[in-house]
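The residues making up each chain are set out below.
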Amino acid sequence: MVNVAVIVKLEPDFSEGNVSYNPDGTLNRAETKSILGPHSAIACNAAFYTKITYGSRISIGTMGPPIADSALKQAQELTDADEMNLYSDRIFAGADTLATAEVLRSGIVKMLDGNKIDIVFSGHRASDGETGQTGPQTAWKLGYTFLGNVIEVNIDLERNYVIVKRLVMLQGFDGIVEEVEAPLPVFITVDPSYSPNYRTIYQRLAFAKYRKEAIARANNYKQFLKIYDSKSLGVDPKFVGLPGSPTIVYRVEKIPKAKASRKAQLIEGQDIDAIKSIVPKLRPIVS
Amino acid sequence: METFDVAIVGGGSTGLAALKHLSDLGKQAVLIEAGPQVGTKNVSGGILYSKRPRNGKVHNVEDVYGSDFEASAPLERHISKYILHATSGNKIFTLDLTPAHEYQTNFGYSVLLNKLNSWFASVASESAEKQGGGIVTGVHVRDIQWSNENKTLIHTDELEEFQVKAIIAADGVNSEIAYLTGARQKFSPNEVYQGVKVVIRLPEETIEERFEIDTSEGAAHLFAGDVTLNHIGGGFIYTNRDTLSLGAVYHYESLFSKPTEPSTLVNALIQNPFVSELIKDEVITIDIDRELSKEEQLRKRFALTKLVKTFEELRYSCYSSSGRTRLIDSGKFKNFEEMKAKLDSIRQELIEKYNTKFVTNYVELEYSAKLVPDGKRCRMKKPYHRNILFVGDAAGRGIFIGPRIEGLNVGIDDAVRASLAISRSIDKNNFAEDYMGQYYTSLVEQSPYTRDMKEIDKEYLKIFLESTKSIPKEIVGSRYGFIFKIMSSGKLRGLAVGIANLLGYEKILPLVESEETYVQVPIEVALKLGKKIDPSYTPVPPSIEERVARLRYNDDPISHIIVREPESEFLRKLVVLCPTRCYYHEDNKVMLQHEGCIECGSCAKGTEWRHPRGEKGVIFNYG
Ligand SMILES: Cc1cc2nc3c(=O)[nH]c(=O)nc-3n(C[C@H](O)[C@H](O)[C@H](O)COP(=O)(O)OP(=O)(O)OC[C@H]3O[C@@H](n4cnc5c(N)ncnc54)[C@H](O)[C@@H]3O)c2cc1C
Ligand code: SF4
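Protein sequences appear in the order of chains A and B.
Numbering of the first sequence is given in our numbering, commencing with residue 1 and proceeding in unit increments.
Numbering of the second sequence is given in our numbering, commencing with residue 288 and proceeding in unit increments.
If you're looking for bench data, these hints aren't it; they were derived computationally from the structure.
Some hints here could point you the wrong way.
To be verified - Only some residues are given here: those of chain A computed to face chain B with a beta carbon under 7 Å:
#, residue
1, R199
2, I201
3, L205
4, R251
Glycine included, every Cβ here is placed at the ideal spot set by N, Cα and C.
Please take these sequences and the hints and turn them into a complete structure.
Below, the structure written as C-alpha cells:
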C-alpha cells in the first residue's frame, strides 16, 4: 500500500465578486472568500491519480486559520482522502516558508497513524505571495528526495521507486521533458501543466467510483478532519511562527514598467483592405 | 490488454437499459458514451410510454428499473390529455385523442432526456459496478476490429484498445458502428423523419391553467394542417413540469422535395395563433443607456442582472405550489400575498429605476434537432453483425403511426432482448451469428412493437376513427372522403385493413402518409369546422444565430464531418435543411462550417459523418 500525503493551501479567491480590498488597496483577508489554491488543486489531482492507479491511501494537510476547512472540503472532493489534517494555532502566525515547513514536517510524520508517507505532493507554488520554497524546504526537513515540476507520475510497486517526468527549462529550448527514477520516499511538487491521463477503462471506472465516494465524503468532511495545535503537533515554538522565521521583509516595491522600445501602429477597421495592409508587414517576420 | 464480457456503445436510454438489464442478469458490461456526461447528447419529444399489448409482451421501463420507477425517476408530467388540432390560418379544429393515447398503455410521461438519462445512468452504473462493469463517458468509439484469433478489439479516440466478447450497438440513428462494419446502409431521406425541437419556459401554474390540467397531470397537443407548411408530418407540444417541449417532425423526403429550413418549420408552429397563446409569457428587455460611462454601464448591468435573476426565481417559485411551500418553509415569506407584494416591488424597481420593459413574447431555452428512424421503413431485418447486436435507433427501430412517435420504449424493449441473447451466449461461450445474432432477431421479431412496424392495428384504427366521429364525413372532399367513410364503418374497416395488411406497409404508405392526409384534409376540416382564434400578439422567435449562441459547445477544431462531394445535389439541399445553417455556398461548391453543428445527422447520407470525439461538440441541457 502506497501512502500519499498532499500539502494544500487555502488562498484568497481572486475571481470577480469574491475578492475584497481594504481602502489602502491591500487585500482584505477577513472579507475575501477562500478557496483551495489552484496549484494545490493540481497536486490533489496527482494524488487522486495514484489512488486510482495504485490504490494509495491519501492524507491531506494544511496550515492555516480554522476557516481553512473549506479548502479541505474541496481537497476531499478532488482526492477522496482517507484523512484530513488542519494545523492551526495562533503561534503559527507570521511564518515564513521555513517555519511553515517545520509545521508541515511535524504534520506529515503524524499522518495515517504515523505510517510512513511514501510520496508527498504539493503545488508548484501559491498564488498569494509565495516563493515556491515551502515544498523543497519541507522535503529537506523530512529528508525526502525532492522532485520539482513533475508532469507525470508512475510508481514501480515492486522496486519501491517512482518514475516521473519533469518539465525542465533550459535557455533556448522550451518544454524539455526529463525522466527521473527515484527510490521512495519522495516529495513532489506538481507542475501547473500537469493533467492526469486516464487511458484505460479500469482507470476511468475507478475514477467515476472514487469521485462519487469523494463527493459523499466531502459532504461529511468533518468526520475525516483532525485539527492540531502546536501542542498536539508537538512542535518547538522556537521553530514555528514568527520566532521560527529567519526571513525579514524589508520593503515591498513595485517593479517599474519597462519602457517599450518598439513602436506600435494601430490599424483600424474590419474590412479586407485594412487586413491586407498588415500582410506586407508580417511577411518579413514570418519568412 | 483489458478484457470485458460486453461493451455497449452509446449511453442513450437504449444503451443504459441494456447496461442495467445485463448487469441484473449478472453479466459484466461497460458502456461507452461520447458525451461529457450521460444525457448531454440525447434529444426526444418526448413521451415515455409503458405498454401492455393484448398479444405478446413488451419489456417496459419499470421492468428494467424496478416498480418504484414512477416514484423515483425525474419524470415531468403524467400525460392524461392527448389532443389533435387541425389548423388553417387562425382557425383550429380540435379532436380529443386521449383514448388513442391510452390504448394498451400503462402510462405515458413527458420527459427531458438530459435529466432522465442521468438518472438511468446512476441506477444502471450501481448495478454494473457489482459485476465489474460501469459507465465511461467522454470516450468516442472509433473502430471495431476482429483479430486473426477472432478477438474483438474496440478502438477509441481516448483510451487504449480493449477486448470484448460481444457488443451492443446503441449508438443512435447515425450509428457509426453500423456504417463502419457495413451492417446497414446509412438511412435515406425516405426512411427517416427530421425532428426539430425547442424547450420553452413557463411557470408551473401558468402551464396548468393554460392546458387545463392539475399538478399531477400533463397534456400533449399535436398539430397538422397548414402549420406543416405543406410537408408530411406535424407539430407537438408536451407539457413538462415548468417547461414545454415544442417541436416539429417531418418526413425527410418530403422536406427534400421542397426544402424548408427546420427553424422556419418550428417558427410556423410557434406563430400559429392557438400555439402562441399557449406559450405566451412576459419577457424582460434590458436597455442600458449607452451614453453613460463604461464603468457606469457595467455597474448598471451587474445590478440589473442580479435583480432580474431574483425576480425570475421568485416568479417561478411563486407560481408553483412546491416552490411556494419551499419559500414558506424556509421562512423567507409568510404567504403568497407577501411573495406577490415582493414581486410587484421588484417589478416597480425594474421599471422605474432601470427603465426595464416588460413585453409579451415567449422564452426559448434550447433548440435541438435529430433524425428519427421510421421503423416501418428502415428497421434492420438482420439487426446483428458478427458478435454485434443493434438496438433502438441504431437498428432503425421506431414506431411512427399517425400521431404515435415511439422510440424510447421500443429501444428499452430491444435492450432487454439483446441482453437476454448476450447473456445466453456468455453462458454457452458462443457468440456466433447463427447462435447469438439469429436468436436476438427471433426475440425482436416476437416483440409486439415489431408487429406495429409491420401491420396496421385494426383496434387502434377503430379507436382513432371513433375520436373523429364529430367530423361529418361529407366535408372531407378529396379522395380521402371515400376512404374515411369506408374506414368508419365497422364491417368495411375490417376488410380494408385486411387488404391493406396483405399489400404490406411498403405499398400502402404512399397513400396513408401523403400531403393530403397530413396537410389538405386537416386544412379542409379546420376551415369548415374550426374555431377562430384572435391572437393577442405575434411571437418573435430567435434567429438561428441566436439559437446557436444559446447552446453550449465544447468546440473541437477538428471537424467530425468531412465533405467529399461539395457539388452534390444532396449537399445543396443541406444548405437549407441543416438546422443550424452549417452549410453554405461558395464558388458553386457547398462548404461546411462544423462549429455550430448540433449533431442531428441530417447530412450524414451525403458526407463522411462521425460523432465528435469524446466530450466534444454540442452539450444539451434539456434534450
Ligand atoms: C423530436 C423528436 C421527438 C421524439 N418524440 C418521441 C416520443 O414522444 N416518444 C418516444 O418514445 N420517442 C420519441 N422520439 C424518439 C426517441 O427520442 C429516440 O428513439 C430515442 O431517444 C433513441 O434512443 P437511443 O438510446 O437509441 O439513441 P440516442 O439517444 O441517439 O443515443 C445514442 C448515444 O450514443 C452515443 N454515441 C454515438 N456514437 C458513439 C460512439 N461512436 N462512441 C461513443 N458514444 C457514441 C451518443 O452520444 C448518444 O448518447 C423522438 C425523437 C425526436 C428527435
Ligand atoms: S452539420 Fe449535419 S449533423 Fe450538424 S447540424 Fe447540420 S445537418 Fe445536422
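Against the structure, the hints:
1. Taking 7 Å as the C-beta cut-off, the interface hint given for R199(A) holds, the closest approach to chain B being about 5 Å.
2. Contact between I201(A) and chain B, as hinted, is supported at the beta carbon level, the nearest pair being about 5 Å apart and thus within 7 Å.
3. Checking L205(A) against chain B by beta carbon gives a least distance of about 4 Å; that is within 7 Å, so the hint holds.
4. Restraint check, R251(A) versus chain B: the minimum CB separation of about 33 Å is more than 7 Å; hint violated.
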